[in-house]
Each structure stands twice: as structure tokens, then as C-alpha cells.
Amino acid sequence: DGGITQSPKYLFRKEGQNVTLSCEQNLNHDAMYWYRQDPGQGLRLIYYSQIVNDFQKGDIAEGYSVSREKKESFPLTVTSAQKNPTAFYLCAGGTGSSPLHFGNGTRLTVT
Amino acid sequence: SQQGEEDPQALSIQEGENATMNCSYKTSINNLQWYRQNSGRGLVHLILIRSNEREKHSGRLRVTLDTSKKSSSLLITASRAADTASYFCATDAGGAQKLVFGQGTRLTINP
Numbered sequence: 001d002g003g004i005t006q007s008p009k010y011l012f013r014k015e016g017q018n019v020t021l022s023c024e025q026n027l028n029h030d031a032m033y034w035y036r037q038d039p040g041q042g043l044r045l046i047y048y049s050q051i052v053n054d055f056q057k058g059d060i061a062e063g064y065s066v067s068r069e070k071k072e073s074f075p076l077t078v079t080s081a082q083k084n085p086t087a088f089y090l091c092a093g094g095t096g097s098s099p100l101h102f103g104n105g106t107r108l109t110v111t
Numbered sequence: 001s002q003q004g005e006e007d008p009q010a011l012s013i014q015e016g017e018n019a020t021m022n023c024s025y026k027t028s029i030n031n032l033q034w035y036r037q038n039s040g041r042g043l044v045h046l047i048l049i050r051s052n053e054r055e056k057h058s059g060r061l062r063v064t065l066d067t068s069k070k071s072s073s074l075l076i077t078a079s080r081a082a083d084t085a086s087y088f089c090a091t092d093a094g095g096a097q098k099l100v101f102g103q104g105t106r107l108t109i110n111p
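These protein sequences, in sequence, are chains A and B. Sequential numbering from 1 applies to the first sequence in the working numbering. Sequential numbering from 1 applies to the second sequence in the working numbering.
Bear in mind the hints are in silico, worked out from the structure with no lab data behind them. Bear in mind the structure is a predicted one, so any value in this text is a computation, not a measurement. Each hint should be verified, as a subset may be incorrect.
[Unchecked claim] Computed list of lysine-lysine pairs in DSSO-like fashion (alpha-carbon distance at most 30 Å, straight line):
{"#": "1", "chain 1": "B", "residue 1": "70", "chain 2": "B", "residue 2": "26"}
{"#": "2", "chain 1": "B", "residue 1": "98", "chain 2": "A", "residue 2": "70"}
{"#": "3", "chain 1": "B", "residue 1": "56", "chain 2": "B", "residue 2": "26"}
{"#": "4", "chain 1": "A", "residue 1": "57", "chain 2": "B", "residue 2": "26"}
{"#": "5", "chain 1": "A", "residue 1": "83", "chain 2": "B", "residue 2": "98"}
[Unchecked claim] Here are the computed distance ranges between Cβ atoms for each label pair:
{"#": "6", "chain 1": "B", "residue 1": "16", "chain 2": "A", "residue 2": "30", "range": "40 to 46 Å"}
{"#": "7", "chain 1": "B", "residue 1": "40", "chain 2": "A", "residue 2": "57", "range": "26 to 32 Å"}
{"#": "8", "chain 1": "A", "residue 1": "57", "chain 2": "B", "residue 2": "8", "range": "28 to 34 Å"}
{"#": "9", "chain 1": "A", "residue 1": "30", "chain 2": "B", "residue 2": "30", "range": "17 to 23 Å"}
{"#": "10", "chain 1": "A", "residue 1": "54", "chain 2": "B", "residue 2": "30", "range": "20 to 26 Å"}
{"#": "11", "chain 1": "A", "residue 1": "52", "chain 2": "B", "residue 2": "108", "range": "41 to 47 Å"}
{"#": "12", "chain 1": "B", "residue 1": "17", "chain 2": "A", "residue 2": "14", "range": "45 to 51 Å"}
{"#": "13", "chain 1": "B", "residue 1": "44", "chain 2": "A", "residue 2": "51", "range": "24 to 30 Å"}
{"#": "14", "chain 1": "A", "residue 1": "111", "chain 2": "B", "residue 2": "51", "range": "44 to 50 Å"}
{"#": "15", "chain 1": "A", "residue 1": "69", "chain 2": "B", "residue 2": "14", "range": "49 to 55 Å"}
{"#": "16", "chain 1": "A", "residue 1": "3", "chain 2": "B", "residue 2": "66", "range": "30 to 36 Å"}
{"#": "17", "chain 1": "A", "residue 1": "107", "chain 2": "B", "residue 2": "77", "range": "29 to 35 Å"}
Positions of the beta carbon are idealized from the N, C-alpha and C atoms, including for glycine.
Whenever a hint applies, use it, and build me the whole structure from the sequences.
The structure is reproduced here in C-alpha cells:
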């Protein structure tokens, strides 16, 4: 089936540890995005990539890093520098001005 | 940054009634999109309306756009329990391929 696959669905980490969230797509989307969602809130853009080997910061990039080594994959690393990492993370893909396709999210809990 | 403001933040109605949600934005746009999110899941695209369109229909959904007032509304007619979800508007005001999401309206349909 085509889609955006995020894994794992739930992730637990201790404070001070880096953690990487996976996002894979088989929709051949040029652009991929990472959003953060806090309870009862909208989505805030962390990073996005329009082509392989290139990415740009979004509105809340501090404490996060990404890579785009191949078109299908756009992993997000939440570093220990992120002060409040507990959140729901959503990956999406799109092409041009077409609507975004979203994965089902990873819920990260840091204690 | 969050551009959209949605109203109301939460809405609870009886099954069969119509539900109306509003979205306001601040800057010029090329298009506005509405997405739906079931609890704990990713967002699903519902409808896209371009800046030169005033109204668009898709099944039980009706979207209007008033660019002079910088506002849009989503009407769901003959609501069903399965329509219970959060609904988000998103604009391309963030630039090419950067959607900016509103805070969302949490809709509950009571059977």
C-alpha cells in the first residue's frame, strides 16, 4: 500500500538522550515535512526538505536535526538540546501545491 | 508561526445536525485547505479551495472562502458520529510548499 509510514508509534526516552524518529514514503513525493503537535494545538513546522540532500528549518527547528539522503526517507532526530521534547510528531509528504499526505505519527515521551 | 485561528475551539452537536467551523488568516494566500484528524492519528486532506474560488463542495462538505475578510468556513451537513474528529485549516501563506495550520476545531457528534 502506498503511504507515509512512521515508526515507532510510541517512543519513550530518558532525558538527555537523542532519539531518531523514522519516516518513509513510497508515494514519490518530492517534498517531506516534520511537524510537531502538542495537546489540543495545531501543527508547527520543524523541518522540511524539497529535494534529496537539501532541507530547511521550519518555525521550531532548535533542538532537532534531519537528513534526506534518499527520496523515500526523512528521519528526524530529537536531540538533548530540545528543552521540551514530549509531543506528537507527524511526518508528511507532498508535491508542488498538492495536498499533503500524513503518516500516523509518533508519540514521544521523555522523562 | 500560527497564521490561522479557528472558531470555535470545540463544538458538540447532535447527530443529524449541521456543523460549521470557521478559519481566519492574516496574509494573502493562493489556496486554503481543510484537514481532518481522528484522535491519535495523522491528518487526512478533505478539500482545497483556491483564492479565486468562493465555494466548493465535496459530498457532505461545503467550504467557502472570503479573501476580502481573510476567512473560510467548513460546513458538514447531516453529521454522523463518525465525523467526530478535529478539523484544521491550512494556508500556503508560509511560502511555496510550506503549509501553516490553524489551532483546530474539536468536533463531537453525539448519537
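A quick look at each hint next to the structure:
{"no.": "1", "hint": "B:70 x B:26", "in the structure": "7 Å, holds"}
{"no.": "2", "hint": "B:98 x A:70", "in the structure": "20 Å, holds"}
{"no.": "3", "hint": "B:56 x B:26", "in the structure": "21 Å, holds"}
{"no.": "4", "hint": "A:57 x B:26", "in the structure": "22 Å, holds"}
{"no.": "5", "hint": "A:83 x B:98", "in the structure": "25 Å, holds"}
{"no.": "6", "hint": "B:16 x A:30: 40 to 46 Å", "in the structure": "43 Å, holds"}
{"no.": "7", "hint": "B:40 x A:57: 26 to 32 Å", "in the structure": "27 Å, holds"}
{"no.": "8", "hint": "A:57 x B:8: 28 to 34 Å", "in the structure": "33 Å, holds"}
{"no.": "9", "hint": "A:30 x B:30: 17 to 23 Å", "in the structure": "18 Å, holds"}
{"no.": "10", "hint": "A:54 x B:30: 20 to 26 Å", "in the structure": "23 Å, holds"}
{"no.": "11", "hint": "A:52 x B:108: 41 to 47 Å", "in the structure": "42 Å, holds"}
{"no.": "12", "hint": "B:17 x A:14: 45 to 51 Å", "in the structure": "47 Å, holds"}
{"no.": "13", "hint": "B:44 x A:51: 24 to 30 Å", "in the structure": "26 Å, holds"}
{"no.": "14", "hint": "A:111 x B:51: 44 to 50 Å", "in the structure": "46 Å, holds"}
{"no.": "15", "hint": "A:69 x B:14: 49 to 55 Å", "in the structure": "51 Å, holds"}
{"no.": "16", "hint": "A:3 x B:66: 30 to 36 Å", "in the structure": "34 Å, holds"}
{"no.": "17", "hint": "A:107 x B:77: 29 to 35 Å", "in the structure": "33 Å, holds"}
The structure shown violates none of the earlier numbered hints.
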